Amino acid sequence: MSIDIMDDVFDKALSSPGLVQDPSVLRSDYIPDRLPFREEQIRTVAEILAPILKNSKPSNLLLYGKTGTGKTAVTHRVLERLQKAATKTPKQMTFAYCNSRVAGTEYRVLSQLANAIGVEIPFTGLALSEVFARIIKHINQSQTNVIFTLDEIDFLVKHSGDDLLYEFTRSNSEIFPASLSLVGISNDLQFKDLLDPRVLSSLSEEEIVFTPYTADQLRTILNERALLAFPPGQVSQAAVNLCAALAASEHGDARRAVDLLRVAAEIAERKSAASLEEEHIRLALQHIEQDRIGEAVHSLPLHAKLLLTTIMLNQDSQSTGEIYESYRKLTETIRTESLTQRRVSALLAELDMLGLITTSIVSKGRYGRTKSIYTQVPKTRLRDLLTADPILKDLKLPY
DNA sequence: CCTCCACAGGAAGCGCAGGAGT
DNA sequence: ACTCCTGCGCTTCCTGTGGAGG
Numbered sequence: 519m520s521i522d523i524m525d526d527v528f529d530k531a532l533s534s535p536g537l538v539q540d541p542s543v544l545r546s547d548y549i550p551d552r553l554p555f556r557e558e559q560i561r562t563v564a565e566i567l568a569p570i571l572k573n574s575k576p577s578n579l580l581l582y583g584k585t586g587t588g589k590t591a592v593t594h595r596v597l598e599r600l601q602k603a604a605t606k607t608p609k610q611m612t613f614a615y616c617n618s619r620v621a622g623t624e625y626r627v628l629s630q631l632a633n634a635i636g637v638e639i640p641f642t643g644l645a646l647s648e649v650f651a652r653i654i655k656h657i658n659q660s661q662t663n664v665i666f667t668l669d670e671i672d673f674l675v676k677h678s679g680d681d682l683l684y685e686f687t688r689s690n691s692e693i694f695p696a697s698l699s700l701v702g703i704s705n706d707l708q709f710k711d712l713l714d715p716r717v718l719s720s721l722s723e724e725e726i727v728f729t730p731y732t733a734d735q736l737r738t739i740l741n742e743r744a745l746l747a748f749p750p751g752q753v754s755q756a757a758v759n760l761c762a763a764l765a766a767s768e769h770g771d772a773r774r775a776v777d778l779l780r781v782a783a784e785i786a787e788r789k790s791a792a793s794l795e796e797e798h799i800r801l802a803l804q805h806i807e808q809d810r811i812g813e814a815v816h817s818l819p820l821h822a823k824l825l826l827t828t829i830m831l832n833q834d835s836q837s838t839g840e841i842y843e844s845y846r847k848l849t850e851t852i853r854t855e856s857l858t859q860r861r862v863s864a865l866l867a868e869l870d871m872l873g874l875i876t877t878s879i880v881s882k883g884r885y886g887r888t889k890s891i892y893t894q895v896p897k898t899r900l901r902d903l904l905t906a907d908p909i910l911k912d913l914k915l916p917y
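Plus 518 on top of the position in the first sequence (first one is 1) and you've got this note's numbering.
What the hints contain is simulated information worked out from the structure, not anything from laboratory work.
All values derive from a computational prediction rather than experimental measurement.
A portion of the hints provided could be inaccurate.
In silico DSSO-like cross-links for lysine-lysine, where the CA-CA straight-line distance does not exceed 30 Å [to be verified]:
| # | residue 1 | residue 2 |
| --- | --- | --- |
| 1 | Lys606 | Lys676 |
| 2 | Lys655 | Lys584 |
| 3 | Lys847 | Lys889 |
| 4 | Lys882 | Lys911 |
| 5 | Lys655 | Lys676 |
| 6 | Lys584 | Lys606 |
| 7 | Lys575 | Lys602 |
| 8 | Lys789 | Lys710 |
| 9 | Lys789 | Lys847 |
| 10 | Lys710 | Lys882 |
| 11 | Lys882 | Lys897 |
| 12 | Lys609 | Lys655 |
| 13 | Lys789 | Lys575 |
| 14 | Lys911 | Lys789 |
| 15 | Lys609 | Lys584 |
| 16 | Lys584 | Lys789 |
| 17 | Lys655 | Lys575 |
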């Protein structure tokens with residue numbers, strides 16, 4: 519029986535022409551040939567980095583702008599072309615890219631960059647300064663002009679300070695006749711405040727600001743992308759417009775807009791729809807949100823899950839103290855060591871960052887200052903997620 | 001105007017796991 | 001085998017603070 523069902527599904531998948539012609543175009547790592555509305559930034563970045571072709575050191579460069587405004591895409595595109603142009607000169611040059619948030623720590627950022635330029639670095643065990651020294655040594659020995667791109671550099675600075683950047687900017691005096699330039703990409707416009715003035719002045723020899731796309735611009739981008747991904751006439755203009763409008767309302771994030779289009783296309787295909795319509799976009803919006811929440815809850819450490827459980831079991835809005843008290847009781851009933859209030863406070867802040875709970879600081883005068891904590895995720899959904907959790911299941915929680 | 005509550009959140013440091021060098 | 005370094009999760013100790021009630 520079930521086999522027949524599957525055959526049916528697979529047959530359908532095989533026989534139907536499929537709505538999407540080229541799904542790779544809608545993937546988030548796809549960089550289109552044309553980057554509309556970013557010609558000026560491309561030109562500027564290219565001008566700043568071009569000296570590397572003439573064997574002189576390009577200025578360090580800082581790119582600002584919110585997520586999905588094309589910073590990474592522009593950088594990749596320019597570096598790619600630079601690499602092509604470099605084949606015409608005998609000069610050695612190497613580019614390395616690292617996303618600080620994905621890498622996580624200073625050490626991992628550095629080792630990733632090192633590996634990218636051909637220096638083998640173990641994933642742990644070395645002093646930071648040692649990794650650094652090896653990179654410098656390699657650059658000097660190979661006489662290569664190097665450009666390091668550090669994406670989401672604000673994350674690195676917020677979590678580990680600007681020591682690493684300071685080392686980088688200082689290292690230039692140790693490198694000759696080769697060179698090392700930095701391209702920093704930041705989503706946070708205020709992150710400059712966190713930098714040491716010396717680092718700042720060195721890092722931001724050049725600065726480019728990326729403004730969010732407007733709804734109109736997003737529409738153009740989506741239309742171009744849809745043209746590549748779908749056969750003609752398969753996407754309604756209304757769907758594209760809605761997609762653009764939704765993304766524009768969230769600070770003009772092109773990546774989100776394309777994601778939305780991709781998920782909507784998958785939904786439409788599953789429903790064997792003839793074309794992509796507004797309703798698919800709306801469903802996709804829900805789907806993405808649910809996915810995000812499920813994923814976030816699933817990957818939480820045990821005690822964060824326990825905290826979420828107490829928040830779910832309790833009243834609508836609670837203070838940190840109340841949450842901590844119920845959490846303590848919960849850990850007692852399942853005979854688990856409880857964490858300290860300080861740690862719980864940090865975990866609550868993390869849950870807030872993930873969007874699983876909402877907190878706001880309220881002062882009740884004589885009765886202290888605390889956080890008011892509640893969850894926006896529907897309790898039934900939270901209950902489903904938590905009761906299904908394999909780790910929590912074994913603990914026999916008293917729901 | 002001052003006090004003082006109930007925390008927020010920073011700083012430092014601890015113990016652990018795990019690789020490099022010796 | 002031993003030392004030195006790292007990140008990570010955590011604790012301990014600490015200072016800072018908005019505003020109701022005195």
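Verification of the hints:
no. : hint            : verdict
1   : Lys606 - Lys676 : violated (40 Å)
2   : Lys655 - Lys584 : violated (36 Å)
3   : Lys847 - Lys889 : holds (20 Å)
4   : Lys882 - Lys911 : violated (38 Å)
5   : Lys655 - Lys676 : holds (28 Å)
6   : Lys584 - Lys606 : violated (35 Å)
7   : Lys575 - Lys602 : holds (18 Å)
8   : Lys789 - Lys710 : violated (48 Å)
9   : Lys789 - Lys847 : violated (47 Å)
10  : Lys710 - Lys882 : violated (35 Å)
11  : Lys882 - Lys897 : holds (27 Å)
12  : Lys609 - Lys655 : holds (18 Å)
13  : Lys789 - Lys575 : violated (55 Å)
14  : Lys911 - Lys789 : violated (34 Å)
15  : Lys609 - Lys584 : violated (35 Å)
16  : Lys584 - Lys789 : violated (34 Å)
17  : Lys655 - Lys575 : holds (17 Å)
Of the numbered hints stated above, those contradicted by the structure are hints 1, 2, 4, 6, 8, 9, 10, 13, 14, 15 and 16, listed in ascending order.
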